[in-house]
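Colleague: Quick mapping for you: the protein sequence lines, in order, are chains A and B.
Residues 0 to 513 (numbering that gives the first Met the number 0) make up the first sequence, in order.
Residues 0 to 236 (numbering that gives the first Met the number 0) make up the second sequence, in order.
There could be a bad hint or two in this list.
The list that follows gives simulated cross-link-like pairs (lysine-lysine, DSBU-like), each with its CA atoms no further than 35 Å apart [stated by the list, open to error]:
1) Lys19(B) to Lys77(B)
2) Lys414(A) to Lys130(B)
3) Lys77(B) to Lys108(B)
4) Lys389(A) to Lys77(B)
5) Lys61(A) to Lys58(B)
6) Lys414(A) to Lys310(A)
7) Lys77(B) to Lys130(B)
8) Lys414(A) to Lys77(B)
9) Lys62(A) to Lys58(B)
10) Lys77(B) to Lys62(A)
11) Lys130(B) to Lys108(B)
12) Lys58(B) to Lys19(B)
13) Lys77(B) to Lys58(B)
14) Lys389(A) to Lys108(B)
15) Lys310(A) to Lys389(A)
Everything labelled a hint here was simulated from the structure, so no lab data went into it.
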Amino acid sequence: MKRTSLESGLLIGCLSLFFIVLGVTSLTGSLVQDWFKLSSPILGGWLLLFLMTFWGGTLAFKKSPSKSWSETLRTGLSVGLVAGIMLALTIWGLGTLNAQAVPIREWLVQLTPAAIAMLTMGRAPVVAALLMFVVMLLAGIGGAAWAYAALHYQWRSVLNTRWLSARESVINMSLVQKYQQHQYSKQIAYGVGALVLLTAPLYLGRYWNYTLGTVGLYVILGLGLNVVVGMAGLLDLGYVAFFAIGSYTMALLTAPQPHDIVMSFWLALPIGVLLAACAGVLLGIPVLRMRGDYLAIVTLGFGEIIRILSKSDVLTDFSGGPRGVRAVGGPMLFGLNLNNEFYFMYFIILGIIIVAYATHQLQRSRVGRAWMAIREDEDVAEAMGINTLKYKLLAFAMGSGFAGFSGALFASRNKFTGPEDFTLLVSINVLSLVIIGGMGSIPGVIVGALVLKGLPEMLRQLDDYRMLAFGGLLVIMMILRPEGLIPSSRRKMELHDDESEALVPDVLVEGGEV
Amino acid sequence: MAMLELENVHTYYGNIHALKGLSISVDEGEIVTLIGGNGAGKSTTLRTISALQRPRIGKIVFEGEDVTTAPPPEIVRKGIVHVPEGRRIFGRLSVQENLEMGAFTREDKQEIIESMEHVFQLFPRLEERRKQTGGTLSGGEQQMLAVGRALMAKPRLLLMDEPSMGLAPILVEEIFNIIREINQQGVTILLVEQNAHMALSIANRGYVLETGQIQLAGLATELAASSVVREAYLGGG
Ligand SMILES: Nc1ncnc2c1ncn2[C@@H]1O[C@H](COP(=O)(O)OP(=O)(O)OP(=O)(O)O)[C@@H](O)[C@H]1O
Ligand SMILES: [Mg+2]
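The following block holds chain A by itself, in its conformation from the complex:
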């Protein structure tokens, strides 16, 4: 038996255990039960475990150097064996404990008696464990066999040619042809996309407008930090400070307490953006002369200073103190009160579009090239005649301004702001979503925010384990896709060297060491 296939089995086994403990299996079970109107969640839960090991079998096959039939069988068998033993033992153990009425859920909240009953199919633990073992063996072998078949019979390419010819016949239909010949086809596609986006808040309902609105605010934060960290390569760990500044500016200028200024939302918004950007520049002038680690530490400190100041009793008269600021004002337009999550969803979508467009344009411009050079090698960038301090300040100012924008919307939408909204965790979350999505990639930030902030909301059941799940996800993702979910083409190249080498034509390799 090959070590790699045992490893695959172990990985899949651990992942499955992780899913069981987190309640992902129970959740899948109940979802499948709901969708297909089944009488019990057993099928869904077991299906998930089956598919996991099946996947493990295909993975192990891809890793195995020999692609012969007997080797395939052995590979699948070892994956199934390892995963099967792990899961069978788990089920036997859980089932036995449950039967003795041990209160497992006191330690592991998701392992309710119902969840365990789903795993044991309501049978005796030994029977269920044996059954699970057999199913996993079949799944492992099935997965390997599937991969073997896909390789040898080239199903994919057959499917591909079918798909191509099908597509061709569709293209030949005059309507599609007309559409493609239409010189505005791209614009039409964008238009449809925009229409979907713009009507989405209409059918999302209150809860989802609020939840996805929060995700959207994080997208704006992520796009801003992406400029600072991803494009200019400046590690800012106190990013939350600028979010706080935008937020407090909106709150203090529009709320009746503690200042009674009650300014219009439309005036407070640009002031918040501007103040955050200015704070970025002011912090940047002394700090951006430092490099790498120092920059990270100083910004980290700055973030905490802002939070502690906002919390301080001494400043209660100025910033509301520990209790925060209530009754933050919302936007009015033509006498219409737009102060609810539905309208804010529109502001946020609009904000994302503007910010994404602006950063996209910048990335391709001269400024973007300067950032790239600074990120790669600051000394050389300077020798090339790039005014490094100026461009670093610009990156800082833009990132901070976007954070201020997000913060101002955040305070106004929630009608409240307080010190607890601005913990270090916010900075870490935003940094994580930038990394998960793929540093320097704009679509990556959007997907990263959806995964990091949206997924936990969608899987409310995970709530107690959110940090555990989050950590696990990060680890798995860094193993599977170190370059992020939607990496910029550059990062992909750099982290998957072994694959990119194949892209260099042989002619070039021939020359050898020059």
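Assemble the complex: chain A is given as a structure, and chain B with the ligands must be docked to it using the hints.
Modeller: Then chain B with the ligands, alone, in the frame of chain A:
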């Protein structure tokens, strides 16, 4: 009048007195070489000229203009371009992107394209590898890229810091031929080298630097013949 003149330049790194009253000059069209042992202050001299380091005392004049306090972008615009020590190319960017970075201070797109074609004429290897990332180039190719990138700034005076470092003898020869060719196309060159033999063979004049001070100055042929240089830098021969 000399193209570049350093008068009594003192440069410090904190308390470390790296250049102690350096005075050198470079005439238009020349190749001038700066030789000396490790830590003599050769790189510091180039860094001071290109404004990456500020002199505490002294004056730098380029084409009759005092540029002692000019910032790096202005120095590059005036035509002084630095090829830093140790082939500091942008490893994660493609060859083409590296070259484009070199033209950062220039505006005219058409002229930039012409410069790139010129660089590709000098280094056909780079053209074959336009899309390859800098970090995957061989050592010799990286040095060519570093030189090509500097040429993209359209230099009038090229400051080269040990272009032969770590290269096989045959490649050293190739690089030096190219330096000569660049010079013949009208670019003045200030060349820092540890390989004194090669440097003196292509230079018009040279300076010998020791602990931040000029030990010896003269025509390249004179220096190559002088006993001091022969003993210290040409292997005693
Ligand atoms: N960043 C720095 N900080 C402090 N001291 C420095 C720094 N760079 C150089 N020095 C010191 O300045 C002196 C001159 O260094 P420089 O790099 O100019 O020497 P060099 O002639 O280029 O040597 P080499 O041939 O080894 O490159 C040395 O004593 C060196 O230790
Ligand atoms: Mg040096």
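Colleague: Against this structure, judge whether each hint is valid.
Modeller: Hint-by-hint comparison with the structure:
1. With a CA separation close to 26 Å, the supplied pair Lys19(B) and Lys77(B) stays within the 35 Å bound.
2. Of the supplied pair hints, the one linking Lys414(A) and Lys130(B) is violated, its CA atoms being roughly 52 Å apart against a limit of 35 Å.
3. A distance of roughly 19 Å separates the Cα atoms of Lys77(B) and Lys108(B); the hinted pair therefore holds under the 35 Å criterion.
4. For the hint linking Lys389(A) to Lys77(B), the alpha-carbon distance of about 20 Å falls within 35 Å, and the restraint holds.
5. The hinted pair formed by Lys61(A) and Lys58(B) fails the criterion: a straight-line CA distance of about 66 Å is larger than 35 Å.
6. Of the pairs offered as hints, the one joining Lys414(A) and Lys310(A) holds, with about 18 Å between alpha carbons and a cut-off of 35 Å not exceeded.
7. With a C-alpha separation of about 30 Å, the suggested pairing of Lys77(B) with Lys130(B) holds against the 35 Å cut-off.
8. Distance hint between Lys414(A) and Lys77(B) is unfulfilled; the C-alpha atoms sit about 56 Å from each other, more than 35 Å.
9. Restraint check: the Cα-Cα separation between Lys62(A) and Lys58(B) comes to about 65 Å, which exceeds 35 Å; the hinted pair is violated.
10. For the hint linking Lys77(B) to Lys62(A), the alpha-carbon distance of about 57 Å lies beyond 35 Å, and the restraint is violated.
11. Between Lys130(B) and Lys108(B), the direct Cα distance comes to roughly 20 Å. Compliance with the 35 Å bound is thereby established for this hinted pair.
12. Only pairs whose Cα atoms come within 35 Å are accepted, and Lys58(B) paired with Lys19(B) is accepted, the gap being roughly 13 Å.
13. Pair hint Lys77(B) plus Lys58(B) holds up; C-alpha atoms about 17 Å apart against a cutoff of 35 Å.
14. A C-alpha spacing of about 23 Å is found between Lys389(A) and Lys108(B), which places the hinted pair at or below 35 Å, so the restraint holds.
15. Under the criterion of a C-alpha separation no larger than 35 Å, the hint pairing Lys310(A) with Lys389(A) is consistent with the structure, at around 33 Å.
Checked against the numbered hints above, the structure violates hints 2, 5, 8, 9, 10; every other hint is satisfied.
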